[in-house]
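Place chain R on chain B using the hints.
For the protein sequence lines, the chains are B and R, in the order given.
Heads up, the final residue of the first sequence is numbered 289 in UniProt numbering, and it's a clean run with no missing numbers.
Heads up, the final residue of the second sequence is numbered 282 in UniProt numbering, and it's a clean run with no missing numbers.
Hints are computed from structural coordinates only; laboratory data are not their basis.
Worth double-checking, as some hints may not be accurate.
To give an idea of the interface, some chain R residues facing chain B are shown, with a C-beta separation under 7 Å as derived from the structure [to be verified]:
#  : residue
1  : Asn19
2  : Gln42
3  : Asn43
4  : Gly44
5  : Ser144
6  : Ala171
7  : Asp174
8  : Pro175
9  : Gln176
10 : His201
11 : Leu241
12 : Leu245
13 : Gln252
14 : Glu267
15 : Glu275
16 : Thr278
Within a straight-line C-alpha distance of at most 27 Å, the following computed DSS-like cross-link-like pairs (lysine-lysine) qualify [claimed, not checked]:
#  : chain 1 : residue 1 : chain 2 : residue 2
17 : B       : Lys279    : R       : Lys259
18 : R       : Lys18     : B       : Lys142
19 : R       : Lys136    : B       : Lys15
20 : R       : Lys134    : B       : Lys21
21 : R       : Lys238    : B       : Lys193
22 : B       : Lys193    : R       : Lys237
23 : R       : Lys134    : B       : Lys15
24 : B       : Lys279    : R       : Lys238
25 : R       : Lys136    : B       : Lys21
26 : B       : Lys279    : R       : Lys237
Note that the structure is a prediction, hence the values are computed from the model and not measured.
Each residue gets a CB set at the ideal place from its N, CA and C atoms; glycine is no exception.
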Amino acid sequence: MSIELKQVSYTYMPKTPYEHKALDAVSFTLEEGSFTAIAGHTGSGKSTLVQHLNGLLHPENGQVLVDGTDLAASSKQGRKEAMAARNKVGMVFQYPEQQLFEETIAADIAFGPKNQGIEGKELEERIKESMELMGLAYDEFKDRSPFQLSGGQKRRVAIAGVLALHPKYLVLDEPTAGLDPLGREALIQTICKLHKKWKLTIVFVSHNMEDIARLADSVIIMNHGKMAIKAAPQEAFMQTELLQAAGLQEPAMLHLLHRLREAGIPVNDNAIELETGIKAIREALSDAE
Amino acid sequence: MSFIEFHDLTHCYNLGQKNEHRAIDGLDLSIEKGSFTAILGQNGSGKSTLAKHINGLLLPTSGICLVDGKDTRNLEELWQIRRQVGMVFQNPDNQLIAAVVEDDVAFGPENLGLEPQVIRAKVDEALKAVNMTKYKNFAPHLLSGGQKQRIAIAGALAMDTECLVLDEPTAMLDPQGRAEVLRTVRKLHEERGITIVYITHFMEEAAVADRVVLMDSGRAAADGTPREIFADVPGMKKRGLDVPLAAEVSWQLRRQGIKLPDGIITEDELVEALEAYTCQSN
Numbered sequence: 001m002s003i004e005l006k007q008v009s010y011t012y013m014p015k016t017p018y019e020h021k022a023l024d025a026v027s028f029t030l031e032e033g034s035f036t037a038i039a040g041h042t043g044s045g046k047s048t049l050v051q052h053l054n055g056l057l058h059p060e061n062g063q064v065l066v067d068g069t070d071l072a073a074s075s076k077q078g079r080k081e082a083m084a085a086r087n088k089v090g091m092v093f094q095y096p097e098q099q100l101f102e103e104t105i106a107a108d109i110a111f112g113p114k115n116q117g118i119e120g121k122e123l124e125e126r127i128k129e130s131m132e133l134m135g136l137a138y139d140e141f142k143d144r145s146p147f148q149l150s151g152g153q154k155r156r157v158a159i160a161g162v163l164a165l166h167p168k169y170l171v172l173d174e175p176t177a178g179l180d181p182l183g184r185e186a187l188i189q190t191i192c193k194l195h196k197k198w199k200l201t202i203v204f205v206s207h208n209m210e211d212i213a214r215l216a217d218s219v220i221i222m223n224h225g226k227m228a229i230k231a232a233p234q235e236a237f238m239q240t241e242l243l244q245a246a247g248l249q250e251p252a253m254l255h256l257l258h259r260l261r262e263a264g265i266p267v268n269d270n271a272i273e274l275e276t277g278i279k280a281i282r283e284a285l286s287d288a289e
Numbered sequence: 001m002s003f004i005e006f007h008d009l010t011h012c013y014n015l016g017q018k019n020e021h022r023a024i025d026g027l028d029l030s031i032e033k034g035s036f037t038a039i040l041g042q043n044g045s046g047k048s049t050l051a052k053h054i055n056g057l058l059l060p061t062s063g064i065c066l067v068d069g070k071d072t073r074n075l076e077e078l079w080q081i082r083r084q085v086g087m088v089f090q091n092p093d094n095q096l097i098a099a100v101v102e103d104d105v106a107f108g109p110e111n112l113g114l115e116p117q118v119i120r121a122k123v124d125e126a127l128k129a130v131n132m133t134k135y136k137n138f139a140p141h142l143l144s145g146g147q148k149q150r151i152a153i154a155g156a157l158a159m160d161t162e163c164l165v166l167d168e169p170t171a172m173l174d175p176q177g178r179a180e181v182l183r184t185v186r187k188l189h190e191e192r193g194i195t196i197v198y199i200t201h202f203m204e205e206a207a208v209a210d211r212v213v214l215m216d217s218g219r220a221a222a223d224g225t226p227r228e229i230f231a232d233v234p235g236m237k238k239r240g241l242d243v244p245l246a247a248e249v250s251w252q253l254r255r256q257g258i259k260l261p262d263g264i265i266t267e268d269e270l271v272e273a274l275e276a277y278t279c280q281s282n
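The following block holds chain B by itself, in its conformation from the complex (with noise of 0.2 Å):
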């Protein structure tokens, strides 16, 4: 079970002097139970990319299966099964928190499956669920007003109302863009938890190298529309002309180690976690004596 890309290309405003084409010929699988980081510079294709992972766009090329289902199959049946197969993925989109529209936090979580015609007792046991995966115990939360929380705890309603309809995969747009070091700390434990216990398969949009280094088994970096690379965290960024052709930086951590190297301190410049940076520097330093 995956969610497989083949030669998927989108144009926007195609036969315009405007046109633009955002992905071109992009393959790659996300297996079940995979955490996969995508990683860019603005305008390199990845919103357009993982607004193609639940059919929200169809490709002008190429094709996206869920588990197997054409996600843009055009026959009576077909379309049928695409809608089920959309619905296994859940998307969370960048600031989802302005989104929330209901006057109570559980009604705001309901709206998603309510729609999809769930209800009664099923639906209130969904509702408590997907809270309590976002750390919101139902009874403080459930009758106030989402739009008395803060900024962090309105975020983690809108991934719940995702939750709420029990997606096997989870694509989150930059899910910590804008939070404090502690929310956003809080949060990523938050995914972490989605993925370990409840085997939620993780797709996330992400700038922090940091982050991606610590989470992803495996990372796609888009440039100009294309995929750079597909590739464990470690492995694609010691490609550092690959990152800086793609506007992105190394992580802070490996830039540090570079530039220790450069300036002939032999460090071993692969660490990108701070305690195993700080060993790289001592030994550099204690072998130096």
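Just chain R now, with coordinates in the frame of chain B:
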């Protein structure tokens, strides 16, 4: 000379209601003319509320906010204050209004009723200052986030603004866009002496300011140079904030017995210090 002064400033949202929230709590703070002040703090610490007082988008519940000696509560002076203080917000898409870049920049001066050739000159000059002349006939929605933020800054410059208040201007941008915006802000500060108030969650950005004010629960919890503020690594973490990587690494190395000088906050300084360290030991 101070350009912005808060005297015992308090701001409550939903005053007198059940959900009353005191976002700023008796703050005393003054910001010098021509300075570059970064404001740090957790979400909900009062940073944005503070920023919105500087050009009178919010008025104090009690206390005073003075800008260049003028009280924001005085309606007659408020328009003058708004000419002197330009705001740039987090979301670039929420602040551009025209269909063409140069029209957007011209919006402010047009509303002042200036002569067309004066407006032309101001717009050209402002676009040049943010290095966006090339894009003057573009539609804003075709620009990148960093470019949009620079257009928003140009809009303030065309009003001859003396002070820019930027509320997380880079939160929605990619690394390249972030670097563009920060570079532009620094240039305007250095070359034109524009007073900068810069709210951010990115510690590396705060490190280039000449002063850092740390907000916590509506008060200024700490106030000093970036060097002073970031030296307190455990204190910053305790407040739910971070420090620049170089500060953290040098702090950890010092703790492990490696003698490095105090006050390292940039990568350049750290590389230099480690170079010196290895030279000594050789």
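What are the numbers of the hints that this structure violates, sorted from low to high? none
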